[in-house]
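Visitor: So you can see what is in the structure, the chains are spelled out below.
There are 4 protein chains.
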Amino acid sequence: MNKNDLLYDVVRHVDVTGFDARPLMRSYADMAFQARNLAAASKITNKMLADTDCAVILTLAGSLCSAGLKDAIALMIENNMVDAIVSTGANIVDQDFFEALGFRHYKGSPGIDDNALRELGIDRIYDTFIDEDELRVCDMTIAEIAGTMVPGAYSSRDFIRLMGAWLDEKGVKADHSIVHAAYKKGVPIFCPAFSDCSAGFGLVHHQWNNKQYVPIDSVADFRELTQIKLDVQETGIFMIGGGVPKNFTQDVVVATDILGEEQPMHKYAIQITVADERDGALSGSTLKEACSWGKVNTMYEQMVFCEATLALPLIVSDAWHRGEWKDRREMRLNRLFRERVQA
Amino acid sequence: MNKNDLLYDVVRHVDVTGFDARPLMRSYADMAFQARNLAAASKITNKMLADTDCAVILTLAGSLCSAGLKDAIALMIENNMVDAIVSTGANIVDQDFFEALGFRHYKGSPGIDDNALRELGIDRIYDTFIDEDELRVCDMTIAEIAGTMVPGAYSSRDFIRLMGAWLDEKGVKADHSIVHAAYKKGVPIFCPAFSDCSAGFGLVHHQWNNKQYVPIDSVADFRELTQIKLDVQETGIFMIGGGVPKNFTQDVVVATDILGEEQPMHKYAIQITVADERDGALSGSTLKEACSWGKVNTMYEQMVFCEATLALPLIVSDAWHRGEWKDRREMRLNRLFRERVQA
Amino acid sequence: MNKNDLLYDVVRHVDVTGFDARPLMRSYADMAFQARNLAAASKITNKMLADTDCAVILTLAGSLCSAGLKDAIALMIENNMVDAIVSTGANIVDQDFFEALGFRHYKGSPGIDDNALRELGIDRIYDTFIDEDELRVCDMTIAEIAGTMVPGAYSSRDFIRLMGAWLDEKGVKADHSIVHAAYKKGVPIFCPAFSDCSAGFGLVHHQWNNKQYVPIDSVADFRELTQIKLDVQETGIFMIGGGVPKNFTQDVVVATDILGEEQPMHKYAIQITVADERDGALSGSTLKEACSWGKVNTMYEQMVFCEATLALPLIVSDAWHRGEWKDRREMRLNRLFRERVQA
Amino acid sequence: MNKNDLLYDVVRHVDVTGFDARPLMRSYADMAFQARNLAAASKITNKMLADTDCAVILTLAGSLCSAGLKDAIALMIENNMVDAIVSTGANIVDQDFFEALGFRHYKGSPGIDDNALRELGIDRIYDTFIDEDELRVCDMTIAEIAGTMVPGAYSSRDFIRLMGAWLDEKGVKADHSIVHAAYKKGVPIFCPAFSDCSAGFGLVHHQWNNKQYVPIDSVADFRELTQIKLDVQETGIFMIGGGVPKNFTQDVVVATDILGEEQPMHKYAIQITVADERDGALSGSTLKEACSWGKVNTMYEQMVFCEATLALPLIVSDAWHRGEWKDRREMRLNRLFRERVQA
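Residue numbers (the numbering used here), protein chains in the order written: chain X, 3 to 345; chain H, 3 to 345; chain V, 3 to 345; chain S, 3 to 345.
Where hints are given, some of them may not hold.
Claimed, not checked - Straight-line distance between alpha carbons at most 25 Å, and here's what the computed PhoX-like set of lysine-lysine pairs gives:
1. S:Lys290 <-> X:Lys5
2. H:Lys290 <-> V:Lys109
3. V:Lys49 <-> H:Lys5
4. V:Lys290 <-> S:Lys45
5. S:Lys109 <-> X:Lys109
6. S:Lys109 <-> V:Lys45
7. X:Lys187 <-> X:Lys175
8. H:Lys290 <-> X:Lys45
9. S:Lys290 <-> V:Lys49
10. X:Lys187 <-> X:Lys49
11. V:Lys5 <-> V:Lys109
12. X:Lys109 <-> H:Lys109
13. S:Lys45 <-> V:Lys109
14. S:Lys45 <-> X:Lys290
15. V:Lys45 <-> H:Lys109
16. S:Lys109 <-> V:Lys109
Please keep in mind that the hints were generated in silico from the structure rather than gathered at the bench.
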């Protein structure tokens, strides 16, 4: 067995315009359990999109972009359905940026000998395979970009914007890219744990080998997201998975209060997750619980307990076809921040 | 607050012919995680339907019919996509037969005071409400049917066939009914724990108040399902949820061996479930594990970890539109058994 | 590889008197999440045991006896902590009775080739191995017992009592046996889906090969459990897992109402489960939801979301050492029923 | 209802020396399912502790310290059972440091109106209540500490060490504190998403109101953890929950490779979690999967699927009583880094 025997069947990204989820969603709305919950979340999504004064913040956790959801998320950016993004690093760097570099994810299987994969230089995410050598190129591209930057502290948003600029200059080797689309549309992307991914490898290499280097200030991320909340005031959150992106984004309401400029709670909130509340962890904590913290308004909130590859294509297809987003304009929230430039 | 304030918004059953899940399923097949698993299960389903010598056994556990899946299941029966059914009692009696009597399930909410519901005579299933008085009518209809029967032991299949005959005579007050469709198509329905539902209430009432009464012989259920396996030989299983129906149906292969007439393992097997294998319980046990017991062949098996209201409409819509079932004939497996008659 | 290489390391049953869980439980009570829930369930258990007028009904679902919990359950019977049992068939026949015949379960591994196990005649439950030949002996012992019985419909309770008598005569080849202990203490055991286990194989063999045979009347099970409720009036339920045993036992309150002799709801209720309410299935439905049906009083109820092998030894050890059961007497509820005899 | 009616029953931390989990763990080892898995994880833990050349890295995710596990974790630090910690911010700042300031968590209930809690200024974590005013004091203490620091980029480890020094000077108002114990023992604590917690609020306030301020460089965290791996070479990981701490810690092996100084995979690895692998997210990904990435050796690895409040007291009590840690010395890994000082 060699590498090419395992890396040949490419994961393809769902095209949510290629089917119309509206009739299905209408049926789900009249059923029960998670079907009805998904339809309720869908309805809130459309209401949020129709509320053109409300900034939509998308949060991403879990291996979404490797799993075929990249283009659905890019479509949301390209059509003003998203005004800011908070994500785990892996989705943005190891998966989206990685594919923009021309690399791909491959269909694999969970029932395989992982020691054998290790010998072959293949990394596994459940049923998906990745060429480790290609991932190393991605890491080093980050190191290279860091090397071109004026030393001094950057937010992850700063850095990711420059990744977008880099792609814009070199060319995007994928049909769609979240990083690139966000760059073009002025949509800020935050990764509050930016070193916890391929970017971390590249940046450690960068810092290790340079006297003058680029730190990534995670406080700046939170400060900037707070600035956005102060600017836009009304916000809704569209959450896929939980983790740091969920917590970080919910917290921003409290941050405005801490600064003495209290803003309203998130007006709309949906979450697609498989986690539940029983272990007390944040990922599965209810959106009602978030209300006790003053973070989320309970008027329009819905959790959907479903794995994201199943639910997200339906909710985005429904929203796209329904067209409530058509009156939305580009908010270009990156405009709020001084543009950092490459050296 | 009174009963009518809560019981007005009816749960409606999904019409899988009203949308075409094929393009979505094609996309899922190229993604990862549960989307790809669902597409794989869908592919096995179509292969099983195209295998006209193979009897398809459907197993039902969980509150499926109250949740809007009744018509999708009835459609499978009406179109020869199912040759035998093994179910929990609630799906067949409390939910399908109940709706055939003209009663309905209502959209409710999980966040409600259950003591208040009790006062009002409303029963709750997560987010669904039921009129307890109507359920009592259902119980008593079962007692009435039992009262018309010649005393002596019956299998649950016998009894459910007579429920179908009763509906055929009195008229079905719903667009579709599993019990009635199965009666018309000669499809046997087994409930191995038949007293664990509304039928139990009716039958306890019947036995309590009659000297000569009808026992339900649960061994006869297993014996009859074994007869079916001996007759059809090749079988595939389409499982929604786990529980008794899953175990009972898998076991039938071993039963043929015990009788000295060993038949092949189930050739195809899919399961839609939210359970997992980590607690060692049968509901979430893998289909590979079932192979160690000699029950399920591992060639065509796929588990999909998803709640049924989301997954089943997609898989049945795909199958219906793809049309592999069109060459299937009625197997009318009820023909294998002597017809029990009402007194 | 041969059978003996895999079947040598025996699963041993936890001895809950060998350690004292009280200090741990006291700590859990002051913590949060499932630790606090477990301590709350423990407190309700002790309260229920101290309430000597209240009959305790134990429900069993999942592979508990194969997993080392058999002796903990037998100890509850031996010490009057349990007055009736409702169980899946596998726990009673394939696992407890099987070990009483002198057979054992073996420690195995989930990561093994199930086709290879099949070749060797080894059955797998997650990480546990069983000798299929020994299981066949168990099946046939059931057939043999059925063959000694006067033809006519029996409840599963009837039958299991005779299994206990058989063991009493032939000798129990295990330190403890649930079936045997229940026989000695007059504790009824119900398996509402009795043919869904090793008993099913034996009974199908029996019915297949005899003109005059023994049917198992599942309605009789429900009728008898209702008689118990009418007799004892106050009841508490100690549930391990969900499934048919949970539903069946909760339903008995409603059954008394149907018969026009309404009894109080279950006064105490605890459940140890990994299921949750999000799919609307009964196994994970909340005990508060059961109140809407008039089944469970919400005053003393607690769900604990934990796998049973971890939680049950703690809760039983705490109860045993605390000694609230010491004033309980044998209720010998089998006395309510005419004794069926072997031919 | 006022605040004091709800905030009076304090969450107490489990004292794992107050009971001896060894006999229980010995029983678990001979059972099945998660009991046996927990015992296996316990055995690996003891083996890892006995391996005095191996540095133990503890990862923390989920609300552990608010739930009564703080002292068990502090005990591990105080007795050289832990050489480095990677955590979510909430455990370290909102919960441990918060209690060290003299504040407490309170027992509450999940079934409460969150809007009412919001009115009262009470924050909820599942069944636990927090006084929001006290949390604001915690936030501002972080701002105060930041204000004393020499401007310039710090790692979260740097910052948390200074929090420990601050506590050492002002006095710890709790029996045990993770932050303080780690300070005294030279144990580094990393929070790779440091602004995603109470520290974030304090630091945003600090940066907002100061021209010269303290950035937190998340790359420095990763660089420093890599330095630790290069120094100690052999490592084992003891993971509670998943999330960023799990990923970050596993990644460090790859980071040494990127720097051209490849170190061995983590030699031992256990994880206590409720997540599973089926959604492809990192939190529930198997430790075998981590081997394909070259992160974790599969020789000594075990996942335990159990909520942490139940499992952690058992595993730490067993380890403490077994005493394999007694030959371990303080590694004082903070010594590897230049000491940052307050202004």
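Visitor: If you check each hint against the structure, which ones fail?
Guide: Violated: hints 3, 4, 5, 8, 9, 12, 14, 15, 16.
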